[in-house]
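full-length UniProt numbering puts the sequence shown at residues 1 to 397.
Hints should not be assumed to be uniformly reliable.
[Said to hold, decoys possible] In silico lysine-lysine, DSS-like type, Cα no more than 25 Å apart, as pairs: (1) Lys146 / Lys15; (2) Lys166 / Lys12; (3) Lys12 / Lys152; (4) Lys152 / Lys15; (5) Lys205 / Lys367; (6) Lys146 / Lys166; (7) Lys8 / Lys152; (8) Lys202 / Lys318.
[Unchecked claim] Taking CB as the label site, the calculated pair distances span: (9) Arg140 / Ala273: 41 to 47 Å; (10) Gly48 / Pro299: 38 to 44 Å; (11) Thr156 / Ile261: 38 to 44 Å; (12) Lys367 / Lys263: 53 to 59 Å; (13) Arg215 / Val246: 50 to 56 Å; (14) Arg140 / Thr50: 36 to 42 Å; (15) Gln294 / His223: 40 to 46 Å; (16) Gly264 / Lys367: 34 to 40 Å.
Honestly, the hints are just simulated from the structure, not real lab data.
Bear in mind the structure is a predicted one, so any value in this text is a computation, not a measurement.
Positions of the beta carbon are idealized from the N, C-alpha and C atoms, including for glycine.
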Amino acid sequence: MPHCPAWKTQQKLAKGLLNSRMAQMYGPLQELESAQLLQEFASASVGGGTVNFTRIFRRYTIGVTFLLSYGERISDPSDPRPEAIETMIDQVAENLQKPANLLVELFPSLQYLPRFLLPWKRQGDALHDNLNVMFLGMFRHGVRAKPWNWSKHLITLDEAQSLSEKELAFLLGGLMETSTTTIKTLEWFVMACLLNESAVQKARKELDAVIGISRLPQFVDAHKLPYLNSFIQEVLRWRGIFPLGVPHSNLEADEYGGYSIPKGATILPNHWAMDLDDRVFPDAQLFNPDRWVQSPDLPMSHFGFGQRVCPGQHLARKSLYIVISRMLWGFEISHLHEASGKRIEVDPYNMVQGVMTGPVAYSASFKIRSMEHWRVIEAESSIPHDLHRELLDAIKI
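Sequences are here, hints too, so could you generate the full structure?
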């Protein structure tokens with residue numbers, strides 16, 4: 001969307017839902033959903049078989065945003081909606097990166113060709129129709145839901161009255177889209193654990209000293225866990241989700257480093273190059289959380305820049321903290337082995353190529369650390385069926 005009044009309104013509404021103050025209020029919901037995530041890992045790891053950790057991360061990540069957006073919990077691990085939502089979002093990303101579909105951006109006059117010569121328009125229209133049905137349906141469901149949620153809240157705001165129902169539905173749908181990046185980051189977290197045992201042990205030692213084994217890590221513990229927070233920062237730097245960032249367009253002609261940049265030029269912030277720059281991050285390919293302990297103000301490109309910075313960064317950071325702290329607290333994460341006993345290796349450079357990237361599917365072993373850890377997880381995941389409604393209604397804006 002161009003930098004226009006509608007975009008400004010949507011940005012204002014999104015920031016109103018996702019600013020740091022609001023993100024604090026969503027913490028109890030993330031603690032609730034992450035407790036179920038632990039229980040799903042504990043159940044799936046019984047017997048030592050393969051754990052579909054992507055599916056568990058997907059239910060948690062999309063589940064949090066779905067709950068906030070529409071007032072309904074996705075508590076069943078077999079619920080097809082998280083996968084359907086992510087599949088639809090992946091289709092958007094795939095269409096964005098097809099070379100034929102990008103030609104019209106380079107040569108705008110192509111859009112005036114006869115329609116039968118414009119396959120990208122047919123594909124785009126079909127995808128838009130599917131998104132329209134999905135997002136509008138979920139938005140209307142949220143408006144009718146009993147507990148407080150973003151859909152119900154938006155329709156009461158004066159600023160939202162200038163937007164149509166469809167625009168509001170797509171605003172929340174867009175927030176759902178951005179939440180899926182957390183799934184990819186958590187996949188990279190697991191790989192980082194497999195490849196960096198010493199860093200994992202250091203983070204776990206800190207967790208054991210601060211938390212013990214009789215309770216789960218909570219948000220109130222975050223300030224007492226500097227190495228864990230540095231571990232999370234390093235995951236974000238080591239393997240970003242958008243290698244070339246999100247395209248920007250400068251509003252006025254500019255000059256940088258001796259280069260003349262015309263008005264309206266598309267600018268790609270190369271996150272991959274910035275995050276792996278040895279001049280800024282010595283031994284940049286090395287996963288080293290200590291770099292953040294020593295220099296906490298190092299630059300971070302993961303959530304973007306300027307007016308297009310990711311509005312959901314506060315919620316995303318809190319999700320990463322609560323999931324990663326609890327996973328490291330409760331589970332040993334290690335390589336799987338073949339029947340012969342040979343360890344199955346993983347390759348941090350074997351990644352999906354595209355606008356949004358993550359590791360190519362791989363496997364890992366998850367083993368609960370002790371029976372005491374198991375008992376805590378079981379107790380914390382046994383929650384009243386309607387607790388989420390109470391937590392939603394407790395949110396005050």
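Evaluated hints:
A distance of roughly 24 Å separates the Cα atoms of Lys146 and Lys15; the hinted pair therefore holds under the 25 Å criterion. Distance check on the hinted pair: Lys166 and Lys12 sit about 17 Å apart at the alpha-carbon level, within 25 Å; holds. With a C-alpha separation of about 17 Å, the suggested pair Lys12 and Lys152 falls inside the 25 Å cut-off, and the hint holds. Restraint check: the Cα-Cα separation between Lys152 and Lys15 comes to about 16 Å, which is no more than 25 Å; the hinted pair holds.
With a CA separation close to 17 Å, the supplied pair Lys205 and Lys367 stays within the 25 Å bound. Of the pairs offered as hints, the one joining Lys146 and Lys166 holds, with about 21 Å between alpha carbons and a cut-off of 25 Å not exceeded. For the suggested pair Lys8 and Lys152, the alpha carbons sit about 21 Å apart, so the restraint of at most 25 Å is met. Pair hint Lys202 plus Lys318 holds up; C-alpha atoms about 21 Å apart against a cutoff of 25 Å.
Between Arg140 and Ala273 the Cβ separation comes to about 44 Å, which falls inside the hinted range of 41 to 47 Å. Checked against the hint of 38 to 44 Å, the pair Gly48 and Pro299 passes, with Cβ atoms roughly 41 Å apart. Evaluation of the 38 to 44 Å hint for Thr156 and Ile261 yields a pass: the beta carbon distance comes to about 42 Å. Checked against the given bound of 53 to 59 Å, the beta carbons of Lys367 and Lys263, roughly 57 Å apart, stay inside it.
Restraint check, Arg215 to Val246: a C-beta distance of roughly 39 Å breaks the suggested window 50 to 56 Å. Between Arg140 and Thr50 the beta carbon distance is about 39 Å. The supplied range of 36 to 42 Å therefore holds. For the pair Gln294 and His223, the supplied restraint of 40 to 46 Å is violated, since their beta-carbon distance comes to about 18 Å. The hint said 34 to 40 Å for the Cβ distance between Gly264 and Lys367, and at roughly 54 Å that hint is violated.
Comparing the model with each earlier hint shows violations of hints 13, 15 and 16; every other hint is respected.
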